[in-house]
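K.L.:
What follows is each chain in one-letter form.
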Amino acid sequence: MIKVKCFGVAREIIKSDYFELNRSDLSVKELRSALYESHPEFSMIKGFMIAVNQEYATDEMAITANDEVAIIPPVSGG
Amino acid sequence: MIKVKCFGVAREIIKSDYFELNRSDLSVKELRSALYESHPEFSMIKGFMIAVNQEYATDEMAITANDEVAIIPPVSGG
Amino acid sequence: MEVKSIKISDTPLSIDDAYQFVQDVSCGGNCLFVGTVRNKNKGKTVTHLNFETYEPMALKEMDKIADQCLEKFEVKKIAIHHRSGHVGLKEIAVVIAVSSPHRADGFMACQYAIDTLKETVPIWKKEHLEDGSYWVGARP
Amino acid sequence: MEVKSIKISDTPLSIDDAYQFVQDVSCGGNCLFVGTVRNKNKGKTVTHLNFETYEPMALKEMDKIADQCLEKFEVKKIAIHHRSGHVGLKEIAVVIAVSSPHRADGFMACQYAIDTLKETVPIWKKEHLEDGSYWVGARP
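Residue numbers (the working numbering), protein chains in the order written: chain B, -5 to 72; chain X, -5 to 72; chain W, 4 to 143; chain P, 4 to 143.
In short, the hints are calculated from the structure, not lab data. Accuracy of the hints is not assured; some may be wrong.
[Said to hold, decoys possible] The list that follows gives simulated cross-link-like pairs (lysine to aspartate or glutamate, EDC-like), each with its CA atoms no further than 16 Å apart:
no.: 1; chain 1: B; residue 1: Lys(-1); chain 2: W; residue 2: Glu58
no.: 2; chain 1: B; residue 1: Lys(-1); chain 2: W; residue 2: Glu55
no.: 3; chain 1: B; residue 1: Lys(-1); chain 2: B; residue 2: Glu49
no.: 4; chain 1: X; residue 1: Lys40; chain 2: P; residue 2: Glu77
no.: 5; chain 1: W; residue 1: Lys121; chain 2: W; residue 2: Asp66
no.: 6; chain 1: W; residue 1: Lys129; chain 2: B; residue 2: Glu6
no.: 7; chain 1: W; residue 1: Lys47; chain 2: W; residue 2: Glu130
no.: 8; chain 1: P; residue 1: Lys67; chain 2: X; residue 2: Glu49
no.: 9; chain 1: P; residue 1: Lys93; chain 2: W; residue 2: Glu58
no.: 10; chain 1: P; residue 1: Lys63; chain 2: X; residue 2: Glu49
no.: 11; chain 1: W; residue 1: Lys63; chain 2: B; residue 2: Glu49
no.: 12; chain 1: X; residue 1: Lys(-1); chain 2: P; residue 2: Asp27
no.: 13; chain 1: W; residue 1: Lys93; chain 2: P; residue 2: Asp19
no.: 14; chain 1: X; residue 1: Lys(-1); chain 2: P; residue 2: Glu55
no.: 15; chain 1: B; residue 1: Lys(-1); chain 2: B; residue 2: Glu54
no.: 16; chain 1: W; residue 1: Lys93; chain 2: P; residue 2: Asp27
no.: 17; chain 1: W; residue 1: Lys67; chain 2: B; residue 2: Glu49
Please read all numbers here as calculations on a predicted model, not as lab measurements.
Work out the full structure: start from the sequences and follow the hints.
P.N.:
Structure, rendered in structure tokens:
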């Protein structure tokens, strides 16, 4: 089970602070695809990054069940 | 009589807050020459501007007895 | 000596706190940027903002920006303080303060810090208008 | 509405005074420069400064700089406050604050103001060292 934290507009799309995926490991790219599939509303925002263990991740990076994973929609601090 | 205000290093060269010149009118250029002549120490500083009525003056500008005149050595505020 | 002050706070930020942290007797120049909440955005009337943060990652990214400033510019100390939660009109959303021996580096570092913060730090601003609310920058 | 605050003061300057003056609900960006007295200059130990001013002309020149900032940059309000007299280590010599709808203009205006002030405003700094004193910038 991989638990994905959701913030901002992603939290509103997912309708929860987190999203659970019944997989033990997958790539960042596969996570993206899974999200677009389960929640087509993601195609209506400007895109999003994935953070793994509090660092921005590339598409090739592998995710396992112990990782802290988060959806990072376009940031707007400041 | 023309009264010239002195600030900073100019005040220390003149050894007074002001310098009096026994003329009724002269140009800024003539005032500069008079100052270099009466106080050769002026040639040891980086130069100075003359302000007439609280505005920087050009060499050609005429000074009369009613003007507020000041020696402006290199500024160093901030 | 601590040269970085990184903070996310759910209570009002103080310009003086950031200034006092960076001010150093070896530095003559202190540059500050203070971001505040304005009442209009693209012609719409704003009532307040709400900042959501991914706090541990946001603090890490703010810390990276501080490190980059210390590395790229001749800067002595830097403070980066950001609000979370409900922030009213005219209230401070962010304070960045930098001390430097030469002012040109201070201006560059301060501007680099706020520009980069807006691009990389996982903080999200929800703008509340008279007639609704939206996540800033989320949609095309 | 007053958009310029120009002041020469023989008592300590307040960053907050300058900030409160410029802060405006229509502006999201406030840029400040705070010049302080440092303990070293060119390897010499500084004990304090003394600022002499040609006050009426200095105020006029500071006012011109404020006008130029308002004209050259998209800036809402500007404060330029300078000390006179005895100023101790770490004390504030000058505060410049600018509010602007867009931060890039705020940074440019603030830097323009301090750069120009140092070139045109008739204020003179006497630096007091452990072993003497001198007028800064006066001699080649």
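K.L.:
Straight-line Cα separation of Lys(-1)(B) and Glu55(W) no greater than 16 Å?
P.N.:
holds (13 Å)
K.L.:
Next pair to validate is Lys(-1)(B) with Glu49(B); report whether the Cα-Cα distance is within 16 Å.
P.N.:
holds (13 Å)
K.L.:
Is the Cα-Cα distance between Lys93(W) and Asp27(P) 16 Å or less?
P.N.:
holds (7 Å)
K.L.:
Hey, Lys(-1)(X) versus Glu55(P), does the alpha-carbon distance stay inside 16 Å?
P.N.:
With Cα atoms ~13 Å apart, Lys(-1)(X) and Glu55(P) stay inside 16 Å; holds.
K.L.:
Take a quick look at whether Lys129(W) and Glu6(B) sit within 16 Å of each other, Cα to Cα.
P.N.:
holds (12 Å)
K.L.:
Mind checking the alpha carbons of Lys(-1)(B) and Glu54(B) for me, to see if they're no more than 16 Å apart?
P.N.:
Cα-Cα ~20 Å, so violated.
K.L.:
Take a quick look at whether Lys121(W) and Asp66(W) sit within 16 Å of each other, Cα to Cα.
P.N.:
Within the cut-off at roughly 14 Å; holds.
K.L.:
Does the alpha-carbon distance linking Lys40(X) and Glu77(P) stay inside the 16 Å limit?
P.N.:
violated (36 Å)
K.L.:
Please work out if Lys67(P) and Glu49(X) have their alpha carbons no farther apart than 16 Å.
P.N.:
Holds. Lys67(P) to Glu49(X) sits at ~11 Å (cutoff 16 Å).
K.L.:
Is the hinted pair Lys93(P) and Glu58(W) satisfied, with a Cα-Cα distance of at most 16 Å?
P.N.:
Since the Cα atoms of Lys93(P) and Glu58(W) sit roughly 34 Å apart, the hinted pair is violated (cutoff 16 Å).
K.L.:
Holds or violated: Lys(-1)(X) and Asp27(P), Cα atoms, limit 16 Å.
P.N.:
violated (40 Å)
K.L.:
Does the alpha-carbon distance linking Lys(-1)(B) and Glu58(W) stay inside the 16 Å limit?
P.N.:
holds (12 Å)
Consistency with the previously given hints fails for numbers 4, 9, 12, 15, ordered from lowest to highest.
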